[in-house]
Structure formats: C-alpha cells, structure tokens
Amino acid sequence: MYHISKILAIALIVFLTGCSIGGEKKIKIFSIEKPRENLNYPMPTALELEQIKWIIITSENAQEVFAKLEAAGIDPVLFGLTDKDFQILAKNFAQIRQKLQETTNLLEEYKKYYETDDENSN
Amino acid sequence: MFGQLRMIITLIMIMGIAGAGMYVFKLRADNATLKANQFKLETAITEQNKVLEQQKADFEAILESNKKLNTLIQTFKKDLDDLDKRFTKKNRDVGKLAIDRTKAVEKVINKGAKNAARCLELASGAEHTEDELKATKKSEINPECPALANPSYVPY
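Residue numbers (numbering that gives the first Met the number 0), protein chains in the order written: chain A, 0 to 121; chain B, 0 to 155.
Since the hints were derived computationally from the structure, they do not count as laboratory data. Not one of these hints is a red herring.
Okay, derived cross-link-like pairs now, DSBU-like style, lysine-lysine, Cα gap no bigger than 35 Å in a straight line:
hint : chain 1 : residue 1 : chain 2 : residue 2
1    : B       : Lys77     : B       : Lys113
2    : B       : Lys113    : A       : Lys67
3    : B       : Lys89     : A       : Lys98
4    : B       : Lys113    : B       : Lys102
5    : B       : Lys137    : A       : Lys90
6    : B       : Lys77     : B       : Lys55
In this text, all values refer to a predicted model and were calculated from it rather than measured experimentally.
Just chain A, with the same shape it has in the complex (with noise of 0.2 Å):
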C-alpha cells in the first residue's frame, strides 16, 4: 500500500508538472550586417587642353603659308588631311567626347546610387 501511494504521488507530479516541460520558445533574430567599405576614389582630375592651330593649305596659298612657317622660324612642314578625313576626324572626336561623357555620367551615377546614403549616414 505504502509503495502504491509513492507511485501515485510520482504520478501526480508528473502529471501536474507535465505541462511546463516544453514550453513555449523563444524566438532569437539575428541580424549580422557588415557593409563593405566605399572605394572613395576621388573622380578623375578633368582634361586640360592645349590648343592647337589649324592651317588650310590651297595650291594657291601653299608658298605664302610656307614662307609663313619659315619667317615664323617652324618647320615648314605640315601634316595634311583631305576635307573628308577632316569631317571623319572631327566626327571620330565628338564620338570620343560622348563616350567620355557616358562613363563619367555612369561613374557618377554609380556613386550617386551607391554612395549617398552611406554619406548621408556618415
């Protein structure tokens, strides 16, 4: 009898203590955030340009332009384009000033989208 009522008293205790073995869990958020470090390039320096002097040679004028050039005391040398390959060169420098322009637009823009906010936060 006395081993039955140990039992049941065991019993009882697991029975109301059941209920708080597992109980409810808590919940654990990690946010584990390192952003990368900003290049911080500062952008390239901007062209300086020399300029330089245009001479239209004619078969007419071709003596007085070179006499010109020696009285000056240059070279009375000139390196020569046709009209066309004038028209072709000027077209291939506008080319290379807009794709000049395109990647320091898109640099910028880069820098604009990825840079602001860190320096706004800064």
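Got chain A; can you put chain B on it based on the hints?
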C-alpha cells in the same frame, strides 16, 4: 488504514497546490515569452516595411538614372547629326569652300576645334564657366556640345 488514507489525501493536496503554483509560474513565464515574441515580431515587421520602402526608393532611383542616361544618348545622336549637317548642309562642300574662302574657313575651323576641345574637357568633368552656364542664345552657346556646355540650354 484511515490514517494512511488521510496521509495520502494530504499528500495529494500538497502536491496539487505545489503543482498549481508551478503551473501558474509556468504560465507567467510563457506569457512573458509570448510578449517578448510579439515585440520581436512587430519589430521584424517594421524592419521588413523599411526594407520594402528602401527597395521601392532604389527602384525609382534606377528608373530615374536609366531615363537620364537614355536622354543623354539621344542628345549624343542629335549632336552627331548636327555635326554631320554642318559639313553637308545644302550640298555644302567644305573642300571647295576652303579653296574659295581659305582664311574665313580656317578661322571657323580653328574656332570649332577650340570649342570641341572645350567639350572634351567638360566631358571629362571640368567645371563649367559662368559664361557657359549663362549662355541662352545660339551665339553664346558652344555649338559643338550645347547640352553639355549648358545643361539648362533650350535649343531653338
């Protein structure tokens, strides 16, 4: 026999009270945990909303940037066409013009070269001068790259 029964009943009562007490403590602990969970969930929702807002803002920034670059490319096309027209307008032959009016064409070409060089400087990121930014007339604007020389210039 009666004494034993009383002891068992007493024991059951004590155990019952102890169990009930423990159960109450457990409920309190559960309640605290649930409150903490609720708070964390609400925080998570707020953060998610912030992320969504950021994504929306990013998307708008990307659209804006694309629009800007497309406009720029359209301007490039127009500038190239304008340059081509200047050489070929009204069946113009630059070669013949240069023979007929050598000095005048030389002057125009040198001025054009100077303007084109300035356009290259601006394209590489050079600062605009006050005159460039104030230019509103055709005679004032750099004709090689009007949109670049003064972004607020309206062609007419």
